[in-house]
Structure formats: structure tokens, C-alpha cells
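Got chain A sorted already, so can you dock chains B and C onto it with the hints?
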Amino acid sequence: MADSSHNHDAHDDHGLAHPVPLKLLFAVFFTLVGLTILTVITGQMTFAGFDLALAMVIATCKATLVCLIFMHLKYDKPFLGMIFLFSVLFVGLFLAFTFLDSNEYNADINAWVRDNMTISQ
Amino acid sequence: MSSTTADAHAGGHGHGHDHPKHLAHHFETLEQQYGSGKLGIWTFLLTEVLFFSALFVAYTMYRAQYPEVFQFASQYLDTNLGAINTIVLLFSSLTVAWGVRNAMLGQHKMLCINLLLTLACAGGFMGIKYVEYSHKFHEGTLWGGHVDSIFKADPADISETMKEHSHAWNGDGELVAVKDLDPVFRQRLGLFFAVYFCLTGLHGIHVLIGMILLTWLLLRAMKKEFGPDHFGAIDFGGLYWHLVDLIWIFLFPLLYLIS
Amino acid sequence: MTPSTNTLERTNYLNATKGFMSWFWTIDHKRLGLMYMWSVVAAFILGGFFALKIRMTLMPGAVDFASQTAEQMNAYNNAFTVHGAVMIFLVIIPSIPAALGNFVVPMMLGAKDVAFPRLNRFSYHLWIIGALLFTGTFFIGNLDTGWTFYPPYSTGSTDNTVILATLGAFVLGFSSIFTGLNFIVTIHKMRPANMTWFRMPLFLWAIYATAVIQILATPVIGISLLLLLVEKTMSIGIFNPELGGDPVFFQHLFWFYSHPAVYIMILPGMGVMSELFATFSRKPIFGYKSIAMSSLAIALFSFIVWGHHMFLSGQSQLMSVIFSALTFSVAVPSAIKVFNWIATMYKGSVAFTTPMIYGMSIIWLFGIGGLTGLFLATLGTDVQFHDTYFVVAHFHYVMVGSALFGFIGGIYYWWPKMYGRMADNFWTKLAWFMSFIGFNLTFLPQFVGGSRGMPRRYAGYGTEAGYDSFNYWSTIGAMILAVGLTMALGTLIYSMFRGRKAPSNPWGGVTLEWQTPTPPPEHNFEIDAFPVGDPYDMNLCEYNGEEEGFLPVNPRADDPCVADVAIDPVYFEPESENAPA
Numbered sequence: 052m053a054d055s056s057h058n059h060d061a062h063d064d065h066g067l068a069h070p071v072p073l074k075l076l077f078a079v080f081f082t083l084v085g086l087t088i089l090t091v092i093t094g095q096m097t098f099a100g101f102d103l104a105l106a107m108v109i110a111t112c113k114a115t116l117v118c119l120i121f122m123h124l125k126y127d128k129p130f131l132g133m134i135f136l137f138s139v140l141f142v143g144l145f146l147a148f149t150f151l152d153s154n155e156y157n158a159d160i161n162a163w164v165r166d167n168m169t170i171s172q
Numbered sequence: 097m098s099s100t101t102a103d104a105h106a107g108g109h110g111h112g113h114d115h116p117k118h119l120a121h122h123f124e125t126l127e128q129q130y131g132s133g134k135l136g137i138w139t140f141l142l143t144e145v146l147f148f149s150a151l152f153v154a155y156t157m158y159r160a161q162y163p164e165v166f167q168f169a170s171q172y173l174d175t176n177l178g179a180i181n182t183i184v185l186l187f188s189s190l191t192v193a194w195g196v197r198n199a200m201l202g203q204h205k206m207l208c209i210n211l212l213l214t215l216a217c218a219g220g221f222m223g224i225k226y227v228e229y230s231h232k233f234h235e236g237t238l239w240g241g242h243v244d245s246i247f248k249a250d251p252a253d254i255s256e257t258m259k260e261h262s263h264a265w266n267g268d269g270e271l272v273a274v275k276d277l278d279p280v281f282r283q284r285l286g287l288f289f290a291v292y293f294c295l296t297g298l299h300g301i302h303v304l305i306g307m308i309l310l311t312w313l314l315l316r317a318m319k320k321e322f323g324p325d326h327f328g329a330i331d332f333g334g335l336y337w338h339l340v341d342l343i344w345i346f347l348f349p350l351l352y353l354i355s
Numbered sequence: 300m301t302p303s304t305n306t307l308e309r310t311n312y313l314n315a316t317k318g319f320m321s322w323f324w325t326i327d328h329k330r331l332g333l334m335y336m337w338s339v340v341a342a343f344i345l346g347g348f349f350a351l352k353i354r355m356t357l358m359p360g361a362v363d364f365a366s367q368t369a370e371q372m373n374a375y376n377n378a379f380t381v382h383g384a385v386m387i388f389l390v391i392i393p394s395i396p397a398a399l400g401n402f403v404v405p406m407m408l409g410a411k412d413v414a415f416p417r418l419n420r421f422s423y424h425l426w427i428i429g430a431l432l433f434t435g436t437f438f439i440g441n442l443d444t445g446w447t448f449y450p451p452y453s454t455g456s457t458d459n460t461v462i463l464a465t466l467g468a469f470v471l472g473f474s475s476i477f478t479g480l481n482f483i484v485t486i487h488k489m490r491p492a493n494m495t496w497f498r499m500p501l502f503l504w505a506i507y508a509t510a511v512i513q514i515l516a517t518p519v520i521g522i523s524l525l526l527l528l529v530e531k532t533m534s535i536g537i538f539n540p541e542l543g544g545d546p547v548f549f550q551h552l553f554w555f556y557s558h559p560a561v562y563i564m565i566l567p568g569m570g571v572m573s574e575l576f577a578t579f580s581r582k583p584i585f586g587y588k589s590i591a592m593s594s595l596a597i598a599l600f601s602f603i604v605w606g607h608h609m610f611l612s613g614q615s616q617l618m619s620v621i622f623s624a625l626t627f628s629v630a631v632p633s634a635i636k637v638f639n640w641i642a643t644m645y646k647g648s649v650a651f652t653t654p655m656i657y658g659m660s661i662i663w664l665f666g667i668g669g670l671t672g673l674f675l676a677t678l679g680t681d682v683q684f685h686d687t688y689f690v691v692a693h694f695h696y697v698m699v700g701s702a703l704f705g706f707i708g709g710i711y712y713w714w715p716k717m718y719g720r721m722a723d724n725f726w727t728k729l730a731w732f733m734s735f736i737g738f739n740l741t742f743l744p745q746f747v748g749g750s751r752g753m754p755r756r757y758a759g760y761g762t763e764a765g766y767d768s769f770n771y772w773s774t775i776g777a778m779i780l781a782v783g784l785t786m787a788l789g790t791l792i793y794s795m796f797r798g799r800k801a802p803s804n805p806w807g808g809v810t811l812e813w814q815t816p817t818p819p820p821e822h823n824f825e826i827d828a829f830p831v832g833d834p835y836d837m838n839l840c841e842y843n844g845e846e847e848g849f850l851p852v853n854p855r856a857d858d859p860c861v862a863d864v865a866i867d868p869v870y871f872e873p874e875s876e877n878a879p880a
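Same order as they appear, the protein sequences are chains A, B and C.
Just so you know, the first sequence maps onto residues 52 to 172 in the numbering used here.
Just so you know, the second sequence maps onto residues 97 to 355 in the numbering used here.
Just so you know, the third sequence maps onto residues 300 to 880 in the numbering used here.
For reference, chain A alone in the conformation it holds in the complex:
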């Protein structure tokens, strides 16, 4: 979206250096602010079960923008982006296994809590 403002005049290439055009930086910032406001507004509405999913989609959009432009993954070797995606993949793996298990045994913990709770009144 904001990529269209890619400004070639700002490229003073010094071999290593690849400065991101200023216009693009600002465009990304304002998009991020807009998305934040959007997520606050949608957060106060209810969408029958999709609230969390919607909030996560917006957050992922924001994160992608930060990664691609602010962290210049768009201009770097794809390997660096892959490292990052790999870490997210591993978090997903960790989450999936643990989540699957805790869903199964959670009833035992709840039963223990019920049996061992003392209320003095």
C-alpha cells in the first residue's frame, strides 16, 4: 500500500547503506496510527466470536508493516525474514502442543481447585 510512495531520489547508495525514503517512513507511521485507531474502535464493538481474530489480523498487518519498512526486511536478503518467520513458526508449534494438552487435563486442575478451596465465612 504505502510502497507506491517509494522515492528513488532519496537513494544515496553507499554500497552498504540503503536509506528508506522519508515519505515512505511517514506513510507507514500514519498507516500504523490509523490501524491502531481502527483496532480500538472495532475492539468496542462485538462481532460474534470474531473479535479476537479481527484484532489479531489488524495487529499482524501492523507488525508486517513494521517488519518490511521500519526493519527494512523488504530491502534485505530474504534469509533474514525467514529467520523471523521461523521463530514465529516455533512459537506456533510450542503453543499448539501445549494448548492441546492443557485443554485435555484442565478439568483435573479445576476439580483439585474445587476440592481444596477453603472459604472462611
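Warning: the hint list may mix true and false statements.
[Stated by the list, open to error] Once the Cα atoms are required to be at most 20 Å apart in a straight line, the calculated SDA-like pairs of lysine to any residue come out as:
#	chain 1	residue 1	chain 2	residue 2
1	C	K728	C	N639
2	C	K411	B	F187
3	B	K275	A	T111
4	C	K531	C	I439
5	C	K800	C	G440
6	C	K352	C	L333
7	B	K225	B	D278
8	C	K411	B	E127
9	B	K225	B	I209
10	C	K531	B	V243
11	C	K582	C	K531
12	A	K125	B	E127
13	B	K259	B	K225
14	B	K320	B	Q203
15	B	K259	B	V280
16	A	K128	B	R316
17	C	K531	C	G455
18	C	K531	B	G297
19	C	K352	C	N376
20	A	K74	B	D244
21	B	K275	A	K74
22	C	K411	B	L126
23	C	K531	B	L298
24	B	K320	B	M206
25	C	K411	B	P116
26	C	K582	C	A642
27	A	K125	A	A114
28	B	K275	A	R165
29	A	K128	C	T495
30	B	K259	B	D278
31	C	K411	B	D278
32	A	K128	B	D278
33	A	K74	B	L298
34	C	K588	C	G455
35	A	K74	B	G202
36	C	K800	C	F348
Please keep in mind that the hints were generated in silico from the structure rather than gathered at the bench.
Coordinates of chains B and C only, in the frame set by chain A:
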């Protein structure tokens, strides 16, 4: 931590006469040196993501098991303060990204200004966080194990001062009185705040580390140490700062926007 | 007679600078490697002391079981906890990657140093801080939780030693992360131009796979220990069911790191073995690509099997079945490696040098350790074996038998490069023999005792339980093992001062670290670019009688290793290289 990553680079203890000034002795070219730093910092960011992962797993697990608890607990968090903090951090991300551009182009003065702005934002973020935390300590909306917490199953365990002063305990206007809640439910509210304090606390520690890093970069920038062939430390410090922002981008809707 | 390629009399990395600070504050990867090595040895002696204490307590007749006081039993709990924690966090995890890896990896790459030398120094200093925190627990009480620190016990009634120990493990975790990070970047970015991924020595593949585990898994133990600390000091409640938390969750967190950590321990040992088998069979390694890929496969599989530690810890049956099935998959890449090593020896001219003997004995030890792992991965049998000495014997066969023997074999292999001297042939082999016999005598009886239900972590059993003979032989074996390991250390220290001066390539390795004088100069090499080819083309060097070591067949004109030597190749006779000078 990450300052050392960058430091290993930036020092430039090159001795060979055909070596460029900023090239460390064990690298062949500046490209190799910069590429190594870049790979190093991204690998470090990967470890940071996994470092936070445990808390995100805890969050997901408990939220899936006790959705109504999380929904209820979210009302004790101030959405406006959270949103302001989000924008403060986003702005600091902009200034850091801008600062990296300044370093690449050799704009020393602008680089210092941008780093200062970033530091100011980080300070502002911590300030707002302080306001939020102190409110919670005042109200007793804390994890169950804390002495002043009002989220304990047994009302006899809750301190008398909190019973008198806490608006959350007694109910106040739109707030449901915590004292009227089911004990098990009340106990689990404490669990939400355990996760809340761990997540935001760990994130806050990262902001503090980032502030130390930024100060160090600012001091070096003031000595005009960065330029078109020597901006690695700024770039890598900036990447760390963006990660801190990225984590907050997810924390904000997860904690503050549960409807 | 001194080999002409020995630089002990000239300037080398050992004598280039002098004084305590020139070592403590060095960024030279070789010096850091040596300091890691000696620190690990010191920690090993500490951990070994506690191991002997355990065995002495369990020796039938030594301590009267019935009349033991609570304090004595607490001291026993302290002994096995400290033994486990020290051996794992301070010894095995940093042993090969940090000590040998630091010394060898940059030289194998033909590089001057690792990518981030100061980060490397920082890792070592973190190790020291972690070690000090651990030893600090001795002064404030008993650490009696077992090395796994499970809540609610660790966060509840036990001593505050847990705080120091978890802090120590946290710091050591970061030391390990930074080492892994350094190696990943070094291997990616510092390879010579013509060293492609598939021309890397297999030790580098193993270190790379290890580093991947280190950076992916170690942060998770970091956060788990941090949460444990918060739980212990502020009762945050995430793991405490009395506050609504979930104690099994800690075990998930803990084993998400600690199972892959097992492969942090064993993979580098496997890397050392690949080098040993190729060099001492004087044959290209069999199945290069499958060994390299199996290292990566082990690294990835290690992340999806952690639940097999939790079959009886409240984990759900669904997940137990899934984890059990997945666990078997790790056996495949492990077996690939073992078969390839054996195939490498087939029709090779095997030299029974000390490092090679360590390598060969690992096939036996790892075979037993690995195969008994399958018993434990099977749900039904694990119910019987869980928390018995069968488990203890299994993981000692893998961790001591394979990782520690690999470490010692690796030290003997690279020792001439480190100190420029050869260790004595006879005494090193005798030390190996004692260690090997002692080790098997210690742990084979534990398999039998464990399969008959002998539970682990008990301060005593009493004669009527019927475990006396197992404990008796186990303790005898432990004493023989201690003698053997002490002898091994003795041979090394003796050779540092009195050993025969080593040629630059005593074993005939063709990887790059053998192409520099012994001991190496400060920046590793005196020449710049290397012709990098097949790392296991054994025709590249030939035994030279005058040198008492190997020399390149077609040396470069500027090669410092051969400058003063007339090329006069003779046939390689394995035993003659260690003959007294």
C-alpha cells in the same frame, strides 16, 4: 545484551594497513562485517521472540480456558492509556527508523535529534506505564499472591485497607463489586493479572534495556562516530527497538481490547 | 627431536602476550576455548565429587539406612541435585560447543576469529558468573529440588537456594545463547570463498545444528526460570494451583528446552566422532550428506518430542500417545550416523590411536544409551521404568558415555594443536580402559536394578529391598571410573610440560586447522587463502618419518609447515607416530 552484539562490530580494532578504518581485524570486507552483524541481530531477535513465547502461550492457554475471566478483567485496564502508549511507541519506531536513515546519509545532527526523540518517547511510555501500575497497586487489582491483592478466593485473606478503599472491591458505578463474585472466579481474575504483570513487566524491562542502548548510541552519535560506511550499531540497535514495538503491537489488543 | 613445524620455541598464541589479563580479557577464540575447557574440567571435578558422594551413600553397609537423620537425607538430596545441575548446565552443555568449538570452529573455516569476538568473551564471563551463583548455593543451604526445579515444591517449602540456582542457570542460558548465535553467524559468514556448505567438515555441521537448538530452545528455559523466580519471590501464581495456576505448564516450558538440550549435549560429540572416524580410518567419511542432514534432522525432531518426559506427570493421554510416536522418529537420524561411522571404518586402515579408541567406544555406549531410550519412549514400558535407575542408566549412557567420551576424545584429538605437545600413548590408553570398564560397571547394573523397580533419588534402600548387589557394583564401578578420569587428566597435564613436541599434523587430518603450525600463531594462519576441496580427501597429506607427522603431498611454496622439511614420505604406521622420541 544486544549492545554487545553491536559492540563487537563497531569497535574497529583493525590493524592492517590495507584495512578500512572501521573494519575489524577478523573480517575481510565491510560487506562481510555488516552482513554478519545483521545476521547476528536477527538471530538475537529470534531468541527474543522465543523468550516472550512462554508468556504468550500462558496467555492463550488461560484465555481459552477462562474466556469470561479475561473479558471481565479487561475492564480494569485503561484502554485510552494503552492506546496512547501504542502511538507513543509507534512514533518512537518512526524516529528510530528515521535515525537509521540519518546515519546512512551522514546527517549527524538529525541523527542526534531522532535518538533524543526516541529516548523521550521511551521515557513517556514508562511514565504512562508507571501511572497504570500505581493505579493497580492502589486498587489492589493485582495477582493473587500479592498481599494487597483483592483477587483471593477467601475474603479473610484480603487486607482490611483494601476492603475499605478499593473501588474495585466495593463496586463503584459501572464496576461490579469484586466482593460479590464467586470465589473461584475471583481467584482466576488474579491469574489474569499474573499474566498481565509478567507480560507488561518483561516488556517494560526490554524498554529499559532499550533506553540504555539508545543512550549509548546517542553518546556515540554526538561524537559523530556514525557515517555511510559505519552505521551498523545504529541499525542493529534500531532493529531491537522495533522488536520491542512489535511485541507491544500484539500486547495492546490482547490485554486491553477484550470485549 | 623436535618436528620442524612445531612453534613452541617461536611466537604463538600461547606466548604472544603474557599476564592474567591477557587471558581473562582476551578476545582470541583459542584462548577462550582453552579457558572454557579448564573451567569445564574444574566444574566436572566438582560435579564428580557429588557423584562419588551419592555412590558412597548408596554403598551397602557404608551408611546405615534405618538410622539416617533427616539432615543426612537432605544432604543426599542436595548431592544429587547439585551433581545433576552442575554436570548439565556447567559441564556438558558448554563442553564441546564452547570449549572445543571455540578452539576449532574458526580454524576449520580458515578464519581469524569468530564473527563477534567480544560477544564470545562476554559469553565466557557469563559462564563464570553463572558458575559462581551455583557455587553460592553451597553457602546458604541445601538445593534439594532435583535439577528440574519442578514447582510447587521448588516455589514452596524448600530453601532459597533455588533462587540462586535458577538465577545461575538463567545466566548460563544466555552464555549458551550467545555462543550459539556466534557460531551460526561465523559459519554463515566466515567460510572461505570456495568452501560451500557441502564442503564443510562435519564437525561444523554438528556445531551448526547445535547452535540452532541453542538459539531456539534456550530462551524458553530463560523465561521459565524467570517465571519460577517471580513465583518463588512474589508468588505470582502462574504455576500455583492454589492461585488458579497450572503446575504442569511449567513442565511443558521446562522440557521444551530441556529435551532439545539433550541434543545440545550429544550432537557436538557426534561431530567430533565424524572427524575421528574419517581421519583415523584414512578414508573419506561414508555418507557425508546423510550425516550432515541427520544433524539438522535431529535438531528439528528434538523440538517435537519433549512430552515423553511427562508421561506420568499429569499430561493428557492424547498428548502422551502423540509424543510417544514422535519420539521414535529421533532414532532414525541417530542410527544413520552410527551406520555411517561403521561403514567409514569398513576397509579403512584404522589407526587405534587414543582419540579413535574413545570414538569407537562411543559406538558401544551410544548404542546402549540410544536403544534403551526406545524402551522409555514406549508408553507401556515407561510406566514400569519411570523414575527408576533404568532412566538414570539410560541418560548416563547417552550423556556421559557419548557426550563426555566425545569431549575427551576431542580433547586428545586437538590437544597437540592446543599445546603443541603429544600426550603419552600408553598412559592415555590405560586411562581410557579404566574409564570404559568403570563406566560400564557403574551403569550396567543400574539397568537391571531399574528394570526391577529400584527407584531413583532415594537416600537408601535397606537390604530387604534386594538392591544391594546393584548398588555395590555400581559404587565399585564409579570408583574405577574416577581413577580412570583422573588418570586421563593426569596424562594431559603431564604432557603440557613434558610431552613430546607435536608436529603440526600428527594424525593426518585434512581439515584446515591441521594446515597451520602447532601451536597456531595469534591470528591462526600465516597464509591468507586456502585451496578448499573435499574435507575428507585423505590423499592430500602423507606420513613423514622425519616429521613424525603428516605433511601435504603437494605443498604450496609459501606453506610455513613444510618450509624447513625435506619431503621424504614413508608409509604410515599407526603405532610409530607415538613412539618415544
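List of violated hint numbers, smallest to largest: 1, 2, 3, 5, 6, 7, 9, 11, 13, 16, 20, 21, 31, 32, 33, 34 and 36
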